[in-house]
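Produce the complete structure using the sequences and hints provided.
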Amino acid sequence: MGFEKQLHQYDSFDILQYLNGVKENDVLRILEKRKLDALEFLALLSPAAGNLLETMAQKAHEISIKHFGKTILLYTPMYLSNFCVNQCIYCSFNFDLNIPRRKLTFDEIEEEAKAISDTGLKHILILTGESRRETPVSYLTEAVKRLKKYFQSISIEIYPLELEEYRMMAAAGVDGLTIYQEVYDKQVYRQVHIGGPKTNYLFRLNAPERACKAKFRSVNIGALLGLAQWQREAFFTGLHAQYLQNQYPDVEISISLPRIRPHAGGFKGRVKVEDRALVQILLALRLFLPYAGITISTRESRFLRDHLIPLGVTKMSAGVSTAVGGHTSDKGTDQFEIGDTRSVAEMKEVILKKGYQPILKDWMKWD
Amino acid sequence: MDQLSIGGITLNSRLLVGTGKFSSYGIMPDVIKKSGTQVVTMALRRVDLEGREDNILEYIPKDCILLPNTSGARNAEEAIRIAGLARAMGCGNWIKIEVISDQKYLLPDNYETIKATEVLAKEGFIVLPYMSPDLMAAKAMESAGAAAVMPLGAPIGTNRGIRTRELIEILIDEIKVPIIVDAGIGKPSHAAEAMEMGAEAVLVNTAIATSEDPVKMAEAFSLAVQAGRMAYLAKMGPQGRFAKASSPLTGFLNEGDC
Chain P
1 MGFEKQLHQY DSFDILQYLN GVKENDVLRI LEKRKLDALE FLALLSPAAG NLLETMAQKA
61 HEISIKHFGK TILLYTPMYL SNFCVNQCIY CSFNFDLNIP RRKLTFDEIE EEAKAISDTG
121 LKHILILTGE SRRETPVSYL TEAVKRLKKY FQSISIEIYP LELEEYRMMA AAGVDGLTIY
181 QEVYDKQVYR QVHIGGPKTN YLFRLNAPER ACKAKFRSVN IGALLGLAQW QREAFFTGLH
241 AQYLQNQYPD VEISISLPRI RPHAGGFKGR VKVEDRALVQ ILLALRLFLP YAGITISTRE
301 SRFLRDHLIP LGVTKMSAGV STAVGGHTSD KGTDQFEIGD TRSVAEMKEV ILKKGYQPIL
361 KDWMKWD
Chain L
1001 MDQLSIGGIT LNSRLLVGTG KFSSYGIMPD VIKKSGTQVV TMALRRVDLE GREDNILEYI
1061 PKDCILLPNT SGARNAEEAI RIAGLARAMG CGNWIKIEVI SDQKYLLPDN YETIKATEVL
1121 AKEGFIVLPY MSPDLMAAKA MESAGAAAVM PLGAPIGTNR GIRTRELIEI LIDEIKVPII
1181 VDAGIGKPSH AAEAMEMGAE AVLVNTAIAT SEDPVKMAEA FSLAVQAGRM AYLAKMGPQG
1241 RFAKASSPLT GFLNEGDC
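Residue numbers (our numbering), protein chains in the order written: chain P, 1 to 367; chain L, 1001 to 1258.
Hint data in this document are derived by calculation from the structure and do not stem from the laboratory.
Be a bit skeptical, because a hint or two may be false.
What the hints assert, rightly or not - Calculated pairs, DSS-like style, for lysine-lysine (alpha carbon to alpha carbon, straight line, at most 25 Å):
#, chain 1, residue 1, chain 2, residue 2
1, L, K1216, L, K1062
2, P, K66, L, K1115
3, L, K1033, P, K353
4, L, K1216, L, K1187
5, L, K1122, P, K70
6, P, K353, L, K1122
7, P, K59, L, K1062
8, L, K1033, P, K35
9, P, K365, P, K215
10, L, K1033, P, K213
11, L, K1115, P, K365
12, P, K365, L, K1176
13, P, K70, L, K1187
14, L, K1062, P, K215
15, L, K1034, P, K353
16, L, K1216, L, K1034
17, P, K23, P, K272
18, P, K114, P, K365
19, P, K70, L, K1034
20, P, K59, L, K1034
21, P, K66, P, K354
22, L, K1187, P, K66
23, P, K213, L, K1104
24, L, K1176, P, K66
25, P, K66, L, K1034
26, L, K1122, L, K1176
27, P, K70, L, K1033
28, L, K1176, P, K33
29, P, K33, P, K70
30, L, K1216, P, K70
31, P, K354, L, K1216
32, P, K23, P, K59
33, L, K1122, P, K215
34, P, K33, L, K1122
35, P, K5, L, K1104
Quick caveat, the model's predicted, so the values are computed rather than measured.
Printed below as a string of structure tokens:
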């Protein structure tokens, strides 16, 4: 079922060979088109397209303004727990790593919420590691109940759930899901997810679709860039987003472009994804899916984030800590090192200076 | 005097202005002033009453009518809930119904919009439904109690002009409540065109918000809307494909036998 079938179509397709065959003229012709098919999108990830980044950027900028105006939505992540039963070699919360483990009590969650809401933010993304014992669905729904007092929109970035569990989360007041496949390449997926339930590739691949079925308002997907050949990963991310949008037209589908960051485990990634590549991916996705939201987190540096704004970014995090309880204390292990430590107030100022409007509220809770 | 009447309120300006997509709220008071508008629409999802400098309502002059819209609603039920919130938040009883069930093209869902119009009109709202220009849907909205009908000129944000001209003309001919052309108007000449066609008003957002000088563009739209309306009232001279002097088909009547 689902996106897997589409993914299989490319099993014997030589993506690298195709990319190397793309000429600059092909790219220019594609840039004239209003609607791109899958292979035209792929062509925008080619070395030839890499020579035409400015031309692509001009068009991406124009399309973004048309669809989203000069606005950037701000949010921040809140880490509830770092207990995790998975062994992912790129993550500080890896079960094998000897880091202090902690989960927030409900009162601590409220304290964090207060601290974050004092910065003016109204959109929150809550995160946990994967531990159905430490952070079961019941813990999460209770956390959401507490958070509703402080925020207008609550998204989750947690372990993949069953359809019925997503429905429970939606009923509790969650409106958004972020879940990264991490890597679409099955072989690499097996190599970097050594143990734990996350080894189940398909259960994770179909999680965004289950959330769409559960009537989430927004679903955000992505590949962790640096684990496998970035052109393939970006291509499959775009196809996955398009698949979801076609199947569930009323859901806001968006994409994140997370690059591997330094973390407690020391693994530095298998593939180098340069800034140029990141920009090319961003532009290709914008041109392929003009309506999709694109998120850039504080994994990236302030310099790069500031310059990416006009290229099609619609959502950014600000005032970030990736440690459990990091908004009220400075103890704890970060999930990864962040590249942009600016506060919400500082980010608002920067965005305004860029000629864009920082948006703090773009949805409302029902009750 | 030529005035527009919506829901029993008389308006001098036929330009409605939207507040989305601007690079800052700070510019809004000047935009509103230069546009001369009396009705300002805003997405309720973005209204942040606790937001201090981020609260859009702080930037809208008190003598303007607020027209909160239900942006983000995916069906009638959600639109109705958002309208209720708008009223509770002190945004008055005007509501622009926007139901979008397709994120790709952002085209309004007429079927759900009719349902929401019916409920909200009964609840005493002044209902302005945003819609795809379809005569049967517009009639249904009218009989459900819509105070005006807002057909799109082109898909939202495209600035492509009055692409649905033929269909909007039919609505202008057949629908008794005011027709306000919403979405697609990309430049003042498009607004003038809609007014020349006989639309009662236009709503402009993207074209003003994303121009290099939104304040100046607001004024340009104000002038274009006035010019278009004036031309409509003055009744344009007939258009012809041929110069008047020539009568290629009947000229022979004036020629003698030969």
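Holds or violated: P/K70 with L/K1033, Cα cutoff 25 Å? holds (21 Å)
Would you mind confirming whether the straight-line C-alpha gap from L/K1176 to P/K66 stays at or under 25 Å? Given pair L/K1176, P/K66 is violated - Cα atoms ~33 Å apart, limit 25 Å.
Does the alpha-carbon distance linking L/K1122 and P/K215 stay inside the 25 Å limit? At roughly 28 Å apart (the allowed maximum being 25 Å), P/K215 and L/K1122 break the hint.
Restraint check for P/K365 with P/K215, where alpha carbons must lie at most 25 Å apart: Holds - the C-alpha atoms of P/K215 and P/K365 are around 15 Å apart, at most 25 Å.
Would the pair P/K353 and L/K1122 pass a check requiring their Cα atoms to be no farther apart than 25 Å? The hint is violated at about 46 Å.
Need the status of pair L/K1033, P/K35: alpha-carbon distance at most 25 Å? violated (39 Å)
Please work out if L/K1122 and L/K1176 have their alpha carbons no farther apart than 25 Å. holds (19 Å)
Would you mind confirming whether the straight-line C-alpha gap from L/K1187 to P/K66 stays at or under 25 Å? Between L/K1187 and P/K66 the Cα gap is close to 14 Å, so the pair holds against 25 Å.
Mind checking the alpha carbons of P/K213 and L/K1104 for me, to see if they're no more than 25 Å apart? Distance ~18 Å between P/K213 and L/K1104 Cα, so the pair holds.
Does L/K1062 sit within 25 Å of L/K1216, going by the straight-line distance between their CA atoms? holds (22 Å)
Compare the distance between the alpha carbons of L/K1034 and P/K353 with 25 Å, and conclude whether the hinted pair is satisfied. holds (24 Å)
Distance restraint between P/K66 and P/K354, which requires alpha-carbon spacing of 25 Å or less: Between P/K66 and P/K354 the Cα gap is close to 17 Å, so the pair holds against 25 Å.
Consistency note: the structure conflicts with the earlier hints numbered 2, 5, 6, 7, 8, 10, 12, 14, 20, 24, 28, 33, 34.
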